[in-house]
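Please dock the two separately framed chains into a single complex, following the hints provided.
From first to last, the protein sequence lines are chains A and B. All the letters of the first sequence, read from the start, carry residue numbers 0 to 193 under numbering that gives the first Met the number 0. All the letters of the second sequence, read from the start, carry residue numbers 0 to 55 under numbering that gives the first Met the number 0.
For the record, the hints were derived by calculation from the structure and aren't laboratory data. Take the hints with a grain of salt, since some may be wrong.
[As the list claims (entries may be wrong)] When the alpha-carbon atoms are kept at most 27 Å apart in a straight line, the in silico BS3-like pairs for lysine-lysine are as follows:
hint, chain 1, residue 1, chain 2, residue 2
1, B, 38, A, 191
2, A, 131, A, 39
3, A, 2, A, 39
4, B, 38, B, 48
5, B, 17, A, 39
6, A, 39, B, 48
7, A, 112, B, 38
8, A, 135, A, 39
9, B, 10, A, 100
10, B, 33, B, 46
11, A, 100, A, 87
12, A, 84, A, 2
13, A, 100, B, 17
14, A, 191, A, 2
15, A, 39, B, 46
16, A, 100, B, 48
17, A, 66, B, 53
18, B, 33, B, 2
19, B, 48, A, 66
20, A, 65, B, 46
21, B, 53, A, 2
22, B, 2, A, 112
23, B, 17, A, 2
All values derive from a computational prediction rather than experimental measurement.
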Amino acid sequence: MDKIICLGKNYADHIMEMKEGTPELPVLFLKPQSSFIEVKNGSTVNLPWERGEIHHECEVILKLYKKMVIGVGIGLDLTLRDLQKSLKEKGHPWEVAKVFKNSAISSPIYGVKDFNNWIETPFQLFINGQLKQESKVSNARLTPNETIHYIDRHFPLCDGDLIFTGTPSGVGPLKPNDEIRLVFGPVDISFKVI
Amino acid sequence: MEKFRIQHDIKNILERLKIMMTMLTEENFDVFSKEEILKDADEDLEKLKEFFNKYQ
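Pulled out of the complex, with its shape left as it was, chain B reads as follows (with noise of 0.2 Å):
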């Protein structure tokens, strides 16, 4: 079970990375910031990192 939650999870970031980059692109900042798509990209990317820091 663990293992498919943590694929979910990587699924799910990826997604949202997804969105925020075309949020940027588009400059699509009428409902969230620039600063606040960064921010949530950072703490993505983050969560990202510390799946695969466990196997280094």
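With the rest of the complex left out, here is chain A (with noise of 0.2 Å):
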């Protein structure tokens, strides 16, 4: 993997929950392999709580060869939302806000020859038992062929590079000791956060 290319506002339900305006086209940014975590049963994953408040983004992750999805999993693009939201309220990027050790969880990458139609198959945040997230890639409003193209025109795709597809509505807080459970078809993993 040479990087992480990650969507922000490629949900409209996100978008009207977040109370910004809605951008052209969902905005990029990327997270470097040393941010990239993946977990399995039973995990757990430190993170830097002492940074203030950490916000879960649910999201699809695509695997990429020949600029074609080769696989495909489920995540957490983390961010550090007080951070965030102060560095936009001054106008500075945000990057820092988003880059850390172990911002960018990821289940393992399935085939997509092991989803029936994994565009249109749900996938779930629950916390502690109790669904946060919920949607299906058909929701977004870029196709995942559409997003390929449109990150093509913007960074140099490499071969295994992952892309986040952003993230629906509900997103939240974590809090140390949470349980974390991810389903996206074949891929049903818990962890924890401390």
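Here is the structure:
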């Protein structure tokens, strides 16, 4: 993997809940490989609670090869929301609110053949047993192909790059010891944030 | 600069080979056929050899 490319404002319901304007196209930002962690059942993930509120953003993840989607998974794009808000208000870049250790959490990536129709398959985030976020990729503003073409116009795409495709509504803060469960087709994994 | 470019190219080839091996072992041929993957792997292995043949 060379990089993780993330989309912001790709789900209309999330744009509404954030009470921010709708850009013509979703926003793009990068996370480095060093911010990435792949979780398995029973994993624990350390987070920097001392840096302020950490919000979960549940997203479908695409793995690319030759600019085609060869695998998909589900994960969390974590955000230091207080810091991001303060940086946005000052008109500053908010990269530091997005790039920190374990801020890009991913399930194992499954081949597209393991899904019946991954674009129409619901993806869900449960925290301590409560459903917090749910949607499907077909609800996003850009289709997966449009997403790849859009990114390709701005960043050099490398084989193995991951795309975090944006989050639907329901984002909110995490707390230490929260039990996270991610469900998406054949993926059903639980882990804890500490 | 040349040294860094070669290192980057080798890293990309190894990443591609890793992906191709995963697709082969998982029989993930929905997007690329087994034949296409094996052809790509051959080409990448040849490229990899060329980097090392220079020093033989």
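Mind listing which of the numbered hints don't hold for this structure, in increasing order? As far as the earlier hints go, 1, 6, 15, 16, 17, 18, 21, 22 are violated by this structure, in ascending order.
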